[in-house]
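Enquirer: Listed in order, the protein sequences are those of chains A and B. Each residue of the first sequence is one higher than the one before, starting from 5 at the first, in the numbering used here. Each residue of the second sequence is one higher than the one before, starting from 8 at the first, in the numbering used here.
For the record, the hints were derived by calculation from the structure and aren't laboratory data. Nothing here was measured: the structure is a model prediction, and the numbers come from that model. Careful, some of the hints might be misleading.
[As the list claims (entries may be wrong)] Within a straight-line C-alpha distance of at most 30 Å, the following computed DSS-like cross-link-like pairs (lysine-lysine) qualify:
1) A:Lys226 with B:Lys302
2) B:Lys232 with A:Lys114
3) B:Lys114 with A:Lys120
4) B:Lys151 with A:Lys114
5) A:Lys112 with A:Lys190
6) A:Lys183 with B:Lys110
7) A:Lys114 with B:Lys110
8) B:Lys58 with A:Lys14
9) B:Lys267 with A:Lys177
10) B:Lys79 with A:Lys14
11) A:Lys251 with A:Lys331
12) A:Lys88 with A:Lys69
13) B:Lys267 with A:Lys226
14) A:Lys112 with B:Lys114
15) A:Lys120 with B:Lys231
16) A:Lys88 with B:Lys302
17) A:Lys114 with B:Lys79
18) A:Lys588 with A:Lys69
19) B:Lys79 with A:Lys183
20) A:Lys112 with B:Lys58
21) B:Lys151 with A:Lys120
22) A:Lys88 with B:Lys58
23) A:Lys177 with B:Lys58
24) B:Lys110 with A:Lys111
25) B:Lys151 with A:Lys112
26) A:Lys114 with A:Lys14
27) B:Lys267 with A:Lys199
28) A:Lys130 with A:Lys204
29) A:Lys111 with B:Lys151
30) A:Lys302 with A:Lys190
31) A:Lys126 with A:Lys204
32) A:Lys199 with A:Lys69
33) B:Lys58 with A:Lys120
34) B:Lys267 with A:Lys120
35) A:Lys266 with A:Lys331
36) A:Lys177 with B:Lys79
37) B:Lys79 with A:Lys111
38) A:Lys204 with B:Lys58
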Amino acid sequence: MYLKDYSGRKYVIIGVFILVAFLFLLRLFYLQIIDNSYKLSADNIVLRNIREYPPRGRVYDRNHKLLIYNEAAYDIMVIPRQVKNLDTQAFCRLIGMDTVTFRTQMKKAKRYSYYKPSVFVKQISKQDMGRIEEKLFLYDGFYSQTRTLRHYTHPIAGHLFGNIGEVNSSEIKNDPFYKSGDYIGKSGIERYYEKFLRGKSGMTVVEVDVHNRVKGSYLDGKYDTLAVPGEDLVLTIDMDLQEYGEKLMQNKKGSVVAIDPKTGEILALISSPAYNPNLLVGRERSKNYNLLLNDSLKPLMNRATMGTYPPGSTFKMVNALVALQEKAITQNTYFSCAGPTASPIKCTHNHVTPLKLDMAIQQSCNAYFWNTFNAILNNPRFGNSHKGYESWYRDVVSFGFGHGFNTDIPYEVDGNVPSPDYYNKLYNGSWNALTVRSLSIGQGEILVTPIQLANLGVVIANSGSFYPPHFLKSLEGSDSLMSVFNQLKRTTIDPGYYDIVQESMLEVFDGDHGTARSCRLDSIRQCGKTGTVQNPHGDDHSLFIAYAPYENPKIAVAVIVENSGFGSTWAAPIASLMIEKYLKGSTKRIEMEKKMFEGSLLGNTGNVKPKPLKAR
Amino acid sequence: MRNKDTILSNIDWLTTTLYLLLIFMGWLSIYTASAGDDFTGIFDFNERYGKQLMWIILAFMLAIIILIVDAKFFSAFSFWIYVILIVVLIGVLFFGSTVAGSKSWFKIGSFAIQPAEFTKFATALALARYLSMLNIDITQLRTKLTAIGILFVPAALILLQNDTGSALVYLSFSLVLFREGFSGLIIVMGIVMAALFVFTLLIGEYWVIGGLFVIGIFTYLIKKKWRKQLKLLIGIFLMASAFVFSVHYAFENVLEPHQKTRVNVLLGIEQDLQGAGYNVNQSKIAIGSGGLSGKGFRNGMLTRYHFVPEQSTDFIFCTVGEEWGFMGVSVVILLFLTLFIRLIFLAERQRSRFSRIYGYGVVSVLFFHFAVNIGMTIGLAPVVGIPLPFFSYGGSSLWAFTMLLFIFVKQDANRLNVL
Numbered sequence: 005m006y007l008k009d010y011s012g013r014k015y016v017i018i019g020v021f022i023l024v025a026f027l028f029l030l031r032l033f034y035l036q037i038i039d040n041s042y043k044l045s046a047d048n049i050v051l052r053n054i055r056e057y058p059p060r061g062r063v064y065d066r067n068h069k070l071l072i073y074n075e076a077a078y079d080i081m082v083i084p085r086q087v088k089n090l091d092t093q094a095f096c097r098l099i100g101m102d103t104v105t106f107r108t109q110m111k112k113a114k115r116y117s118y119y120k121p122s123v124f125v126k127q128i129s130k131q132d133m134g135r136i137e138e139k140l141f142l143y144d145g146f147y148s149q150t151r152t153l154r155h156y157t158h159p160i161a162g163h164l165f166g167n168i169g170e171v172n173s174s175e176i177k178n179d180p181f182y183k184s185g186d187y188i189g190k191s192g193i194e195r196y197y198e199k200f201l202r203g204k205s206g207m208t209v210v211e212v213d214v215h216n217r218v219k220g221s222y223l224d225g226k227y228d229t230l231a232v233p234g235e236d237l238v239l240t241i242d243m244d245l246q247e248y249g250e251k252l253m254q255n256k257k258g259s260v261v262a263i264d265p266k267t268g269e270i271l272a273l274i275s276s277p278a279y280n281p282n283l284l285v286g287r288e289r290s291k292n293y294n295l296l297l298n299d300s301l302k303p304l305m306n307r308a309t310m311g312t313y314p315p316g317s318t319f320k321m322v323n324a325l326v327a328l329q330e331k332a333i334t335q336n337t338y339f340s341c342a343g344p345t346a347s348p349i350k351c352t353h354n355h356v357t358p359l360k361l362d363m364a365i366q367q368s369c370n371a372y373f374w375n376t377f378n379a380i381l382n383n384p385r386f387g388n389s390h391k392g393y394e395s396w397y398r399d400v401v402s403f404g405f406g407h408g409f410n411t412d413i414p415y416e417v418d419g420n421v422p423s424p425d426y427y428n429k430l431y432n433g434s435w436n437a438l439t440v441r442s443l444s445i446g447q448g449e450i451l452v453t454p455i456q457l458a459n460l461g462v463v464i465a466n467s468g469s470f471y472p473p474h475f476l477k478s479l480e481g482s483d484s485l486m487s488v489f490n491q492l493k494r495t496t497i498d499p500g501y502y503d504i505v506q507e508s509m510l511e512v513f514d515g516d517h518g519t520a521r522s523c524r525l526d527s528i529r530q531c532g533k534t535g536t537v538q539n540p541h542g543d544d545h546s547l548f549i550a551y552a553p554y555e556n557p558k559i560a561v562a563v564i565v566e567n568s569g570f571g572s573t574w575a576a577p578i579a580s581l582m583i584e585k586y587l588k589g590s591t592k593r594i595e596m597e598k599k600m601f602e603g604s605l606l607g608n609t610g611n612v613k614p615k616p617l618k619a620r
Numbered sequence: 008m009r010n011k012d013t014i015l016s017n018i019d020w021l022t023t024t025l026y027l028l029l030i031f032m033g034w035l036s037i038y039t040a041s042a043g044d045d046f047t048g049i050f051d052f053n054e055r056y057g058k059q060l061m062w063i064i065l066a067f068m069l070a071i072i073i074l075i076v077d078a079k080f081f082s083a084f085s086f087w088i089y090v091i092l093i094v095v096l097i098g099v100l101f102f103g104s105t106v107a108g109s110k111s112w113f114k115i116g117s118f119a120i121q122p123a124e125f126t127k128f129a130t131a132l133a134l135a136r137y138l139s140m141l142n143i144d145i146t147q148l149r150t151k152l153t154a155i156g157i158l159f160v161p162a163a164l165i166l167l168q169n170d171t172g173s174a175l176v177y178l179s180f181s182l183v184l185f186r187e188g189f190s191g192l193i194i195v196m197g198i199v200m201a202a203l204f205v206f207t208l209l210i211g212e213y214w215v216i217g218g219l220f221v222i223g224i225f226t227y228l229i230k231k232k233w234r235k236q237l238k239l240l241i242g243i244f245l246m247a248s249a250f251v252f253s254v255h256y257a258f259e260n261v262l263e264p265h266q267k268t269r270v271n272v273l274l275g276i277e278q279d280l281q282g283a284g285y286n287v288n289q290s291k292i293a294i295g296s297g298g299l300s301g302k303g304f305r306n307g308m309l310t311r312y313h314f315v316p317e318q319s320t321d322f323i324f325c326t327v328g329e330e331w332g333f334m335g336v337s338v339v340i341l342l343f344l345t346l347f348i349r350l351i352f353l354a355e356r357q358r359s360r361f362s363r364i365y366g367y368g369v370v371s372v373l374f375f376h377f378a379v380n381i382g383m384t385i386g387l388a389p390v391v392g393i394p395l396p397f398f399s400y401g402g403s404s405l406w407a408f409t410m411l412l413f414i415f416v417k418q419d420a421n422r423l424n425v426l
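I would like the entire structure built from these sequences, with the hints used as guidance.
Expert: Quick look at the structure:
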């Protein structure tokens, strides 16, 4: 039994009920009778939110030449509830759509919502829209909305620009910033700098009557927000050099990367076959994308950052530097070469014997570098060859090989420097210098990307230091990124050891027997190294790394031309022309240039030529 | 003992009349909200108004069955009804279908039923049965915990179905507990915590703590009684401060993003006319445009052309506001208020504690729905999506409210038979 009677509490409860009811009546009295902002006219005006799309940030090259800009395009929107007495035939004729598509689009819009607008036709050009706009008001439930599309001043650098597309459902879920139908950077720098480039959309709330006519701003624009344009981005790319490089590489497979050694700024990044970025814009995007995707030459693949190649002879310089640092050899160490009968690696180059380091680099002697590599791994100071290999591995990785640079480079892959553990597993612990001898001449398991190879040129030019390669020149609000890109890295090799490598590379151009002597220039002292890489898929790849001028390096270049034979035939002239173009602004070697422009090596692999694609 | 034939003359006709009036007005609102221009007759079962008419007829049959069944049936089987519905709730978690993000429906063909609606009366029954047991002493901690446990189990299960609105309804039983002798301090504390929560989100924790400190100093200086209780005063201040500091953490980590947005929109911190604020803003426009006397039946263009989302279910009150104006909404609110006060009057006149407690359960649940539902349509409560009793479209909720109410009407009709 209750000890106490609580029936008095019913008055408290009744009091609460009356209070709440009274509050509601007060609020309703205010909403319905006093506050006029909710009184809409007898025409039953309703609200429509018009999204103001911000212009995406423009993109410039290092000399402030415009690369990417925006052009207006229009979407036709529909509110299914308001579509009445529609003359489907006439409407379809107006917007240039067949009735089947019309029906599926209408069904899609209705499934989304009867009373909220959805996009009916996307990205109509300015020209077409002028004609459509005149008559659009005749059709209840339809109206237009302005959007912007990317346009490219030159049909270059598609790989590094990347492209934009509509957000998908998972992107909307991950970031509430996006609403269905928004554009987002899907690849390349468009994706990397999305947060800066995208800007912020605004919204205008307007009153609309039942016939969908805009009556004016709602509550004097109380809820309106302005669109904030995206930040403009300045890239380190030199537009002229990029365009020139793409022309040199046309009808060839491969890649060219040029970097400013002083800053790590990427001057040009060419992957061939290339494609016109204007193809991946607007209504044709998905059609063209599928064409490019299914092309047997894989034009969408960015070979400069995703292609991995054995470095071949260009890697001999790394082995030389490691050997000097680990005191396995000195500049005056001689090894003899038995030419074609040399063991365990034969040497196909014709030169004097025995020879020392500078000649070995110039002549690319395989036997010399096998002996050098053997001397590193079996250096008595390490005790055994596995310890020696660990030390070699540490040194090689410090050059930037075997891992990405983690800057704004799109889709870079790590390449491969086989770790000691890898060989332990592979050979069950029993292996030695002889087992992994291919590494001495840059073949075997070691794989590098063209951008890593260009960075090797930077490292040698700077005597052992480099800034990670990047594309960002300037961008409002990107200071923290910049500070990451501006961290100087050093290799484990003492700067003094680079001198002999630099001098030997100079001799590659200037020496009487240098492999690139045909590309010699009187006005610029160039340094370089050829490479010819065996590959199981066809003819050898031709490689070349170079930098110039010798005294004060301003550009480092790596060139890979797939299936083209010797490094000196194609890769070296292309690298040299790139250097001349960048340092002098134009080239004087017309004959050489013409040969490069016209040379077509696509047939070498038996692949069909790319289908010609036309930009809209 | 009275004759069974007189049961119909014993039922409370005022309550029944109010029930019928609200049902009728509700159906009119659903009709106007869902009927297009191509009207084919009120028995068109493809349209919502036709279906609702069918639900209403079935609800009347349910009410009559309840009035015929022996009054002792419900008190005798209270616990069983409760247990069976809890089992069904667990079943929904495993075998239910998801509608609008909540996994709280059983689908049989084209017919869907929401068990959570029916747990409300089952819980009211179980709570009444428990607190009316002869050996119960409300002052004991064990009793209090058991009573809260009876409420907590269904609420937790419904929360697991991701139906926050329906779970919050169980808070309304605190009115029942209050009436039965639970300390009112808990309710006061609840209100204070809610106020601190809102103020912290609005003006920031440091201002709130500063305010609390000033209030503390004044209390200490002005009320002589408190001077002797300095430690208690400091203790209260520290606990309130700790609570205030935990508000942001709870807000960021416990609430779902859409719930956060709804709270922010309600408090005016955030404006989101396209998302969370859209419903409420459209709803306010619809109601506000009604004016004093409304636009007239079937003339509310905003509601008829579906400019208010969910308008035949959770936002049904807009239709009343737009078409019947301030006069119409006043009538509806006063009808509800009359019903609530009448139910309290009926509850207080019961001889059995079971009936009284159950009666309070009925009025608490109805009141909570009324307050939150209308509150959210006029921007005074967050959008939690619970129906307006007897108005909102939907069979489950209509039947559940009918059963809730008529079990009590039956108990009341039978009150004189209780010794």
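Enquirer: Where does the structure disagree with the numbered hints, that is, which hint numbers, in rising order?
Expert: 2, 4, 8, 11, 12, 15, 17, 19, 21, 23, 25, 26, 29, 36, 37, 38
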